[in-house]
Structure formats: C-alpha cells, structure tokens
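Assemble the complex: chain A is given as a structure, and chain B must be docked to it using the hints.
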Amino acid sequence: MLARSALRTARSAGAAARNATSRTATRPASTSSSTAEEAASAWKTTALGSGATVFAVGSVAWYYHLYGRNVDAMTPAEEGLHPTQYPWEHQKWFKTFDHQALRRGFLVYREVCASCHSLSRIPYRSLVGNIMTVDEAKALAEENEYDTEPNDVGDIEKRPGKLSDYLPAPYKNDEAARAANNGALPPDLSLITKARHGGCDYIFSLLTGYPEEPPAGAVVPEGLNFNPYFPGTGIAMARVLYDDLVEYEDGTKATSSQMAKDVVEFLNWSAEPEMDERKKMGWKVLAVTSVLFALSVWVKRYKWAPIKTRKIVYSPPKQKSILDQLPKPDKKS
Amino acid sequence: MPGISSSLYNIFLRRNTVMLGTVFAAAFGLQLAFDAGSDRIWDAINKGRQWKDIKHRYVEAPEEE
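Just so you know, the protein sequences line up as chains A and B, in that order.
Heads up: the first sequence at position 16 corresponds to 16 in full-length UniProt numbering, and the numbers run straight through without jumps.
Heads up: the second sequence at position 55 corresponds to 55 in full-length UniProt numbering, and the numbers run straight through without jumps.
Source of the hints: derived by calculation from the structure; they are not laboratory data.
From chain A, some residues computed to sit far from chain B (all C-beta separations above 12 Å):
1. T75
2. I156
3. A176
Taking lysine-lysine and the DSSO-like style, the derived pairs with C-alpha atoms no more than 27 Å apart in a straight line are:
4. A:K284 x A:K300
5. B:K55 x A:K280
6. B:K55 x A:K284
7. A:K92 x B:K55
8. A:K253 x B:K55
9. A:K92 x A:K284
10. B:K52 x A:K95
11. B:K55 x A:K279
12. A:K253 x B:K52
13. A:K194 x A:K280
14. A:K280 x B:K47
15. B:K47 x A:K95
16. A:K284 x B:K52
17. A:K95 x A:K284
18. B:K52 x A:K138
19. A:K92 x B:K47
20. A:K194 x A:K95
21. A:K279 x B:K47
22. B:K52 x A:K92
23. A:K172 x A:K162
24. A:K194 x A:K92
25. A:K328 x A:K318
26. B:K55 x A:K162
27. A:K95 x B:K55
28. A:K138 x A:K172
For every residue, glycine included, the Cβ atom is placed at its ideal position computed from N, Cα and C.
So that you can see chain A by itself, here it is in the shape it has in the complex (with noise of 0.2 Å):
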C-alpha cells in the first residue's frame, strides 16, 4: 500500500518533469491544446504528486503510530534504572586486569560478600599466580575442611583443602541460604557479570545505589531493601559496603566506591579468567591475518596482472567482393 503509493508519487513526479522537458517536442502532435487547458492539466499534476506525498507521509506516520513505538511488558521500576556506564579500565580492548586491583576485590569477597554468595566454580589453584602466590594459596586452602574418599570401612573424614579445591559456600545448599535470607537466594557470582545485562556497570550501580532511605511514594514490602537498579527496585540484599569496612594492605582507602570497583573487577575476573590471554592471542592473530592478507592481496595481483593488462584486438577478416568470385568476363572475346 504505502509501497504502490510512493511508486505513484514518483511516477506523477516523473511525469511532470517529462512533460516539462518534452512540451515542444509534444505540441504537433496536440494540435487542439491550448494555453489555458495546459495550465490546467499542470495544475492538476501538481495537486496530485502533492496528494500523493501527503498520503504516503502520512501513512507512514499512521502505520508508526500503530506499530512503530516501544511496547513494554514491564513498567520502568520493574525494568529497573539503568546502570551508568562507567569506563572500566580492564575493559578496554589492549588492557590487563589490574592485578593489584583484583587482590583487593578477592579481599573483599572473602570479608562481605562470601558469608552470603558462593562463588564455586573458582578452586584455588586459579588464584596462584594471578592474585596470590602459591604459598598463600595454599595457607588459604587449607583453613578449610574437605570431605575425603571414603574410607577402608566407608566413613566420610575431614581433610585441610589443597589448591585442587574449589571455594568452599556458605550455606550447606540453596535451601539453607533460602531459609537464611529471608526466602530470598544470594546467587553464585563466579560468572555474575556475564549473568546479568549491563555486568559491571549494573553490578557496581547495584552496590552503590542504596539510597538513604527509599525515595517518597516508593513501596518497599517487607524483608526488602530499596535499590533503583534492581528490576522491581526491591531486592533482598540490604547494603553491605560502608567506608573502610575492610583495611587493604597496599593501603589503598577503603571507601565503598572504592571496594564495590575492586570486587566488581574481581567477578569479571571470575567469570573470564582468560581475558587478558585471550585479549594478547586476538592481537597477535589480527597482526599475523592481516600480514596474511596483505600477501594474499599481492598475490592475487601478482597472477592477475597478465590478465588484466591484456589487450583484447579485433582484426576483421579481410572482405572480399562477392563480385571477385564471378568468372570475369573474357576480356578478349
């Protein structure tokens, strides 16, 4: 419809401009036309390519009306606001993680976040050498116990952890942390920012935004906490970062932008352990293609070149008069 009315403008247009360029070469074969009927006719062109436009722009503007805005399910507290976009160093596409950074964020997982969140699909040994040194981790596996392979007669021991282990979760299972936070599950964070739309962004807004106290109007049920950022506004977590809550030992100030910006960055490095080889192995492989590439490029011109230079010539066959194969007259008789 809006197609076959757009089409119409453009041929109403079209034609008038033919028109235009070819009134001489038409007017013989009008004898009849005069003067003020061509003004009519021109008068008539022009109302209905203005017609048309008006009609095709407006359909446009009904049919957007009709189809073309947002529709959205959820209101914009459920939505929940949207994190500010921060500009997270270690993001950057030829940035490590800060080390140093991620030890600190380790720290303050271990003093808040661990009594409440798992993060189980980190052991030990992935600290070594990328925030601790073996020693320590080791030291630090070992304050935990592990259940051991069952004995000779079957019995489950207790063992001290070695680096192979994974962190050990507060709670027994999702029960035990249901029933300890009022119904509500701590998720695991080892891959949280990858979980969640906006990652650190989201994740850092989520533990700064704790408002004072709920802005007016806002219905905060009970058990929950109010924070903007979380979809549907109220979230079980209450705040846990408050300035100098934790003391680093670079001695770094603990404040609590400062500690949510060391964890977040220690989650991105649980959830992507591999970024910063992944990050070193895509530059080399865009150097090496495009070396590859450029050769490829030579190459191609290389074997082309023949080809593309080449000059094609057409030399017709020599024309003979039809009249030479005649048998020429005799001159002598």
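Then chain B, alone, in the frame of chain A:
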C-alpha cells in the same frame, strides 16, 4: 649483487629436503621472534597491571604468612 641471492637460493632452496628444513627452521625462528616481540609490546602497554609486575611484593617475604 645477483651473486648473493643466487648462492642463497642454491644453499637453502635448491634441494627439496633442504628447502623443507629451511621452512621449518624459519617458522620456528619467526614464531619465537614474533611471540617475544608481541609480549614485550603487551607488557609495556600493561605495565604495572599484571601479576608478574606486582608479584615481588608478595614473594619477597615468604615467612610472613
């Protein structure tokens, strides 16, 4: 000097087995050089951020913890 390139050709590329050796050796050497070079650039860009840059703060005192 056409002499040099042709004698290089004769030494390294003339016999197929030798050429194969040249290719393998060149691949090995170039890869070493490329990796070393790119690591250097990478470490320079990320100076102070990687574990190897801060490691010395924690291994120098092994008896601390």
